[in-house]
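Could you put together the complete structure from these sequences and hints?
There are 2 protein chains.
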Amino acid sequence: MCHHCVVETVKANMLTRRAFFRGSALAAGAAFAATALPAPLFAQTSAPQKAEDLTHELHEKFPTFFGDQQVFKDQKFSFAKDTFNLNEWRINEHTGTHIDAPLHFSADGRSVAELPVQDLIAPLVVIDIREKAQDNADAQLTPDDIKAWTKANGDLPQGCVVAMLSGWGAHVATDKFRNLGEDGKTMHFPGFHIEAAQALMEAPSVKAIAVDTLSLDFGQSPDFAVHNAWLPSGRYGIEAIANLESLPASGATLVVGAPKLREATGGPARIFAFV
Amino acid sequence: MCHHCVVETVKANMLTRRAFFRGSALAAGAAFAATALPAPLFAQTSAPQKAEDLTHELHEKFPTFFGDQQVFKDQKFSFAKDTFNLNEWRINEHTGTHIDAPLHFSADGRSVAELPVQDLIAPLVVIDIREKAQDNADAQLTPDDIKAWTKANGDLPQGCVVAMLSGWGAHVATDKFRNLGEDGKTMHFPGFHIEAAQALMEAPSVKAIAVDTLSLDFGQSPDFAVHNAWLPSGRYGIEAIANLESLPASGATLVVGAPKLREATGGPARIFAFV
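Residue numbers (my numbering), protein chains in the order written: chain B, 1 to 275; chain X, 1 to 275.
For the record, the hints were derived by calculation from the structure and aren't laboratory data.
Be a bit skeptical, because a hint or two may be false.
Since the list can't tell identical chains apart, any single copy or any two copies may satisfy a pair.
Cut-off 27 angstroms, straight-line C-alpha distance, at most; resulting in silico cross-link-like pairs (BS3-like, lysine-lysine) [what the hints assert, rightly or not]:
1) K81 <-> K185
2) K185 <-> K76
3) K185 <-> K61
4) K61 <-> K73
5) K61 <-> K76
6) K176 <-> K132
7) K185 <-> K132
8) K176 <-> K73
9) K61 <-> K176
Every value quoted in this text rests on a predicted model; they were computed, and no experiment measured them.
Rendered as structure tokens:
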């Protein structure tokens, strides 16, 4: 879908979608209410023993939501000629493993630089939907997937980040990462179901949601429903997170090296998990 | 100093400087030799209780080494018109709180994306030279400053990053950060003395050096001596690190959110210290 088509489709769907949410009971959220106790910084009590890199290498051909190139290198100095190398880069904020700040989908939400440091460090919840995503590229993480996680692992930790592991990271170097359908405009990859996002918003301490695909919303979404609900609430998102399959479902600590760039609506980030 | 002047000065000085090092005894380094034991990931044994942000906010007027603007914002979509905000940024790699990768000063050294993850997590050594830097903008961190630190705090921890706290971070919003001299071309701010860098290179496990100024070399350096010694050795540097004054001299763990950008010689980074 071209830039213009996406924008027009989003506009057409927003009023309808907003009316739906005003009337929604959001009952599913009740099970995930957080306590008022201050959360520890790390999920662990002992110092972590291992670091995992949850960041894809970013490069000029990294797949993008809109399909066009979003990273451009311009070498300004070269070692052979100048005795040092130096480049200037032109980069779309929403490229590679990156943050969506509240400002991305709101008039005056927080920029990525305004996210509090304590929101960038969090217990990581990994919800594995690989089995259903393998058979269905349009699979979504639903409230039932959250319930299955809590049944197996206990309540969501206070102040956590909830990540969808769909297995899509394995496709980052192929066309399947965008997975354009036969109509030549609709993408097919997993994302959060709007009802799951709403349920997590009822747990006031959930800091962010993360996906291993190109968008918080599943690929065929016509309206960015999850973006439009989650980001204006003041929370942030992470897209194209890597390497979740190396982590336990519970117990890791996420550290999000978000760019501290004034007025940015997001940006490529270096993301670690400590186990 | 303009880009061209810097390059020409560096070229003129490199051969002389390299000859000097080939003849140097480097005796000062012997006191800092590392052990062969594997280092733990964190400086602490218990999980850290507090995070400090060591990153300056980056913006279009952030002071730069060359003096010219190095960050440019181009808004591509706006919430009012398009229902979402999105910017493209043009950024010089060596701007704001950022990394110098070995490739910055070598023909084929590692890019910032090639730095091993374990090199981005390290015990942090903070060497405080604020007292001498307050009276002398040309102050340098010398081997004697390293010796004073080890006398007070014990051996350098294995795999550490050694940071210079000159107090210059307080000047980031004023002309004193660059501190151009009366000649209109020479800058005056603290940096590592080449002999201190050489001493730390004798301790094979020191991963990086960091400064709270615009350059690993002090401002009036005519030849990037520290850059030319340290970076080609395969180690990296951090420039314009913030907030070191909030940390203990020893005991904090540094986590460097370096950009994972293919072929980049460095780049703005989000840097945390855990205490």
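**Item:** Ascending list of hint numbers which this structure does not respect
**Value:** No hint contradicted; all consistent.
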